[in-house]
Each structure stands twice: as structure tokens, then as C-alpha cells.
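Trainee: Chain by chain, the residues:
There are 2 protein chains.
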Amino acid sequence: MSTKKLLFDRVALIGAGLIGSSLGRAIRQEQLAKSVTAYSRRSDTRKRLSHLGIVDSVAESIEEAVDGADLIIISVPVGASEDVAVRIGPHIKPDAVVTDTGSVKESVIRAITPHIPNSANFVPGHPIAGTENSGPEAGFASLFEGRWCVITPTDDTSESAIDQVTNLWRRVGSKVDIMTPAHHDKVLAITSHIPHLIAFNIVGTVADLEGDTKMEVVKYAAGGFRDFTRIAASDPEMWRDVFMENREAVLEMLGRFSEDLSALQRAIRRGDANSLETKFTRTRDLRRRVIDAKQA
Amino acid sequence: MSTKKLLFDRVALIGAGLIGSSLGRAIRQEQLAKSVTAYSRRSDTRKRLSHLGIVDSVAESIEEAVDGADLIIISVPVGASEDVAVRIGPHIKPDAVVTDTGSVKESVIRAITPHIPNSANFVPGHPIAGTENSGPEAGFASLFEGRWCVITPTDDTSESAIDQVTNLWRRVGSKVDIMTPAHHDKVLAITSHIPHLIAFNIVGTVADLEGDTKMEVVKYAAGGFRDFTRIAASDPEMWRDVFMENREAVLEMLGRFSEDLSALQRAIRRGDANSLETKFTRTRDLRRRVIDAKQA
Numbered sequence: 066m067s068t069k070k071l072l073f074d075r076v077a078l079i080g081a082g083l084i085g086s087s088l089g090r091a092i093r094q095e096q097l098a099k100s101v102t103a104y105s106r107r108s109d110t111r112k113r114l115s116h117l118g119i120v121d122s123v124a125e126s127i128e129e130a131v132d133g134a135d136l137i138i139i140s141v142p143v144g145a146s147e148d149v150a151v152r153i154g155p156h157i158k159p160d161a162v163v164t165d166t167g168s169v170k171e172s173v174i175r176a177i178t179p180h181i182p183n184s185a186n187f188v189p190g191h192p193i194a195g196t197e198n199s200g201p202e203a204g205f206a207s208l209f210e211g212r213w214c215v216i217t218p219t220d221d222t223s224e225s226a227i228d229q230v231t232n233l234w235r236r237v238g239s240k241v242d243i244m245t246p247a248h249h250d251k252v253l254a255i256t257s258h259i260p261h262l263i264a265f266n267i268v269g270t271v272a273d274l275e276g277d278t279k280m281e282v283v284k285y286a287a288g289g290f291r292d293f294t295r296i297a298a299s300d301p302e303m304w305r306d307v308f309m310e311n312r313e314a315v316l317e318m319l320g321r322f323s324e325d326l327s328a329l330q331r332a333i334r335r336g337d338a339n340s341l342e343t344k345f346t347r348t349r350d351l352r353r354r355v356i357d358a359k360q361a
Numbered sequence: 066m067s068t069k070k071l072l073f074d075r076v077a078l079i080g081a082g083l084i085g086s087s088l089g090r091a092i093r094q095e096q097l098a099k100s101v102t103a104y105s106r107r108s109d110t111r112k113r114l115s116h117l118g119i120v121d122s123v124a125e126s127i128e129e130a131v132d133g134a135d136l137i138i139i140s141v142p143v144g145a146s147e148d149v150a151v152r153i154g155p156h157i158k159p160d161a162v163v164t165d166t167g168s169v170k171e172s173v174i175r176a177i178t179p180h181i182p183n184s185a186n187f188v189p190g191h192p193i194a195g196t197e198n199s200g201p202e203a204g205f206a207s208l209f210e211g212r213w214c215v216i217t218p219t220d221d222t223s224e225s226a227i228d229q230v231t232n233l234w235r236r237v238g239s240k241v242d243i244m245t246p247a248h249h250d251k252v253l254a255i256t257s258h259i260p261h262l263i264a265f266n267i268v269g270t271v272a273d274l275e276g277d278t279k280m281e282v283v284k285y286a287a288g289g290f291r292d293f294t295r296i297a298a299s300d301p302e303m304w305r306d307v308f309m310e311n312r313e314a315v316l317e318m319l320g321r322f323s324e325d326l327s328a329l330q331r332a333i334r335r336g337d338a339n340s341l342e343t344k345f346t347r348t349r350d351l352r353r354r355v356i357d358a359k360q361a
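The listed protein sequences correspond, in order, to chains A and B. So the first sequence is numbered by this note's numbering: it starts at 66 and just counts up by one. So the second sequence is numbered by this note's numbering: it starts at 66 and just counts up by one.
I should point out that these hints are in silico values taken from the structure, not numbers from a laboratory. Relax, there's no trap hidden among the hints.
Since copy identity is lost for identical chains, a pair holds within one copy or between any two.
Listed next, the in silico DSS-like pairs over lysine-lysine satisfying Cα-Cα at most 25 angstroms (straight line): (1) Lys158 x Lys70; (2) Lys284 x Lys359; (3) Lys70 x Lys99; (4) Lys279 x Lys359.
So that you can see chain A by itself, here it is in the shape it has in the complex (with noise of 0.2 angstroms):
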């Protein structure tokens, strides 16, 4: 992140919670952009990205956002992709390039694709990086700093603006990998989706417990549940669409978990101490090597 050189003029950011937010102050930071734009659905997001201060203007309407921009950057709750496309479309200008963040591809492309213009170009991307805070409060400059966005072409995606988004991302601190939207919508269901189903759904179940049974939870949670309880706070109306939009994945994934839940379930009530001592020894090495590339 050394060379200052603008890579657009004019950047609409539709959607500014945590990732767009962060996006938005990450191009001022570096300056790759001669001006920011956001603009966010709700009034109350809207006055609070002013009252903050990381863009340089905040639009009263998507059309006014998008109007002039020669980079449309898409960071809204999946199922929403469809209609911001519809409304941004005919407002898009020739040449612009328009990508997202969205955490599912295919069915994003399906939604975005059909609504830009021949003249623009859509690079459908994301950014594997996050916290489990949401809003425009929680977003920060550094949150892609050393982490991998996957951009997902497809067949007409234009080589140019590949590159474009590509140097984006890494002048904003990430590498980026090229792959098929359906693969990455596999490799995202088992090191992102399932995860987050698995600890909002042992949250759930503990807060049931711990109203029929009146169970401290909350005090033990240092015994393991409280980072079920820091995943499980992420954004639902983002996370409800994640699971609507890559579903067959999903699904797939979630049976494989579940099959190997039953095969320890087995070991523990038939007391085989020795199958689950191997199972456990063989995750440790994953842990290394999650450290070793520095994504831990």
C-alpha cells in the first residue's frame, strides 16, 4: 500500500455497513478514488455515514449515487442484489465498472448480471475478511489488510476490469484468488456458512436451556461457548440471506458435518477413548497450518 496513484475518479459505495464502510475508508486512506459516494437504504444509515465523516458526500438516492461513477461497489445483504441492479442499471455510465462483496457468487451473478448494460462491466468478488460487527460504525481501513478477496468471473467478464477490481483489493492490503463461482461458493459453505450456522444454532440451543433450566451460561461462557456467542452475533438479516441464496451448498456441506457429529456421537456413548484421541490430535495440524498462513 505505497504508491499513491488514483485507480478511479468517482466510487459509489451502495451499502455502507461494515464491509462497504470499511471499503470507503480504506480508498480515502490510500487514495485510489478522487471522490467516495455512499448511499444506504435506510434514512438513519444514511445521517449517520454523514455524521461520520469517511465519505465525501452521502447520496439522498441510489440514482444520485451511481450517476458520474466509474466504480460501483455492491456491499448489501445478498438477497438484495437483485433489486439495487434494477434500480442502479439504467443509470450505470458507459465503460464503469460495477463489483460486489457479496459471500455467495452464483446466485448473485444470476441476480446482478441481466441488469447491467453491455457498455459497463461486472467483476462479481469477496472479500473473505470480517468481523461480527455490522453498521458503518464497525467498518475500518485496515479490516482487508493481509486477507484473501476471491474474485469469481464469469465468461463475459472483460479482462480489464478484472484487473481494475484486482488492484483495488490489493492496494488496499489483500491478495486475490480467481476461481469459478461455484467453487467458491463450496469453499465458502464449509469455512464460512457452516460455521456461522453452527454457532448461531448451539447459541440458540443455550438460550432455550437456559430458559427452561435457569442455567448460568453466561458466566462459564470462558469455557469455550463465548466465541459461539461472538460468531453468533453477526448481522442476521446478512447471514438469513447467505443461507437463502447458497442453500444446495449449504445443504451438502451441513450433511457431510452432520454424518461426522454422528460417527463421534457413537464413539462417546460407546466410550472408544481412542477413536476420539485421534480425531482430535489430527485438527491440530490444521490449526498450524491456519497459522502458518496467517489467517488466524
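Take the given structure of chain A and dock chain B to it, following the hints.
Mentor: Showing chain B alone in chain A's frame:
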């Protein structure tokens, strides 16, 4: 942790991994005993303990360690509790207090109690604190600060011995709760044992998938998976024993977890977005309470 007052003359640590060595460090730092002796089953660990210099002496035999001790702290994988009790029983000095730090209480009480002479006092305990690291190098004196320690007396436990162990935990920074062993085992099953089991399980599922499909799961661990790899890096031997010794409570809680997961799976399959959003919203409140309770 202000008043410097000796609580014990000679403390013996039986087992000096993450928990035992942290307690040893804290006892020395707070000057709670005249001397701290440690024993570890493995000669290699004894050597590392001597080298670390965190205790006054390292005993070469378990009998030597407990000889003359007025406080004996057992911090071993819970499956080893009975062996330890059998070996130390004949060497425990009259009026000595014996306590443990095991993550399961009913089975540990059954294993240890018969071997403690009537002239001594056994106070079962469990500090709800830890990290994913193990071994004496991983310990640190502040591990217990602000955390809860659960003491689970039986009808035979002496009140004055409970007070002594309570004082010890308070002086190393913990808050102390008293509950029955059975209640402890249920609360811990859901707040600690099931979260660990699930983390071990999903990391295992991912390790298999990675082998089968060459998925780049390590690169994209920042999407949520990394937290599970951290938890699943915990000591395999310790956790094997926890699941063997707390089998019934774990299987009961696992049943609840699996039922709830099936309901989520069904909602995803049927495209029931509202139900997902409701479930995901409810979990945020529990996170807030964990933060408010300073257990995040």
C-alpha cells in the same frame, strides 16, 4: 490480589500443564505459599518445568511431591484422576487439603474420594478458564483473573477446607461459585464440552474435504472457520477424557443441539427466511449479556 498473606506452607502441583502451571505461577506471584513443588508424569515435562523456573522445586516422584504438602492441587486429564489418587493417598499428611481442577466433577469425585485418607479433606473444583494451548510453557499467572471457579462440595466436604480453597481462588483473581457436581457437569456440557466437540468435528470435516477435493480451506479460514480451528487445537488427551467422563450430560446436550440443527436445516431447505432471521436475531442478545458479564 492486594493483601500479602500466606495461605499455605507447602503446595504440591500434581500435573503442571496450562492450568497447573498457571496456578503455580499465580501462587508464587501472589506469595500465597512458602514453597511450590510440581510433579509431572513425563520426565520431559519435568525437565521443562525445571528449566522454566516457575516453581520452587520439581519432584522426581509423585510421592516426593506430596510429602509434607498442606495443599495438593491435581491438574491432570480427568481420566488420570483415580491413578493419581491411588498413588498419593498413602502419602497425604493429616489435615492437608486436596483439590483438583478437572472439567468434569461427578466422575472425578467418584475416582478420587475413596483414596483420600479421612484425616485429609478433598475439595473438588474447576476454574472456568483456559486457552487452546497446552503444556507448562503455555501457562501464565493472570489466567484466572476475572474468571469464575466452581467448587462442587459433597456432603462430606469440610467447610473450613472449602473456605481455604475459596480463598486461594479469590487471591489469584477468580470469583467463586458453589454448586452440586451434577449441576456443574450439565452446565459445562453445554457451555464448554459441546462447543469443543463441535469445533473438533467441523475441523475434522474440513480436513477430510480438503483431502478429498483439494479445497483451499486454510487460505479462507478468516471467514469464520479460524475460530473453530483455534478451539479444536486444544489438548486431545484432556478432551478425550472429558467426553468419556461426562458422557451422559454431553449426549443429552448433543441431542438438543442436533434437534435444533435439524430445524435450521429444514428452514434452509424450505426457504423459510423469516424463521432464520428470527433465530439469528435472538442470539445477539446472549452475546451482549456475555459482554456485560465481562466473560467475552
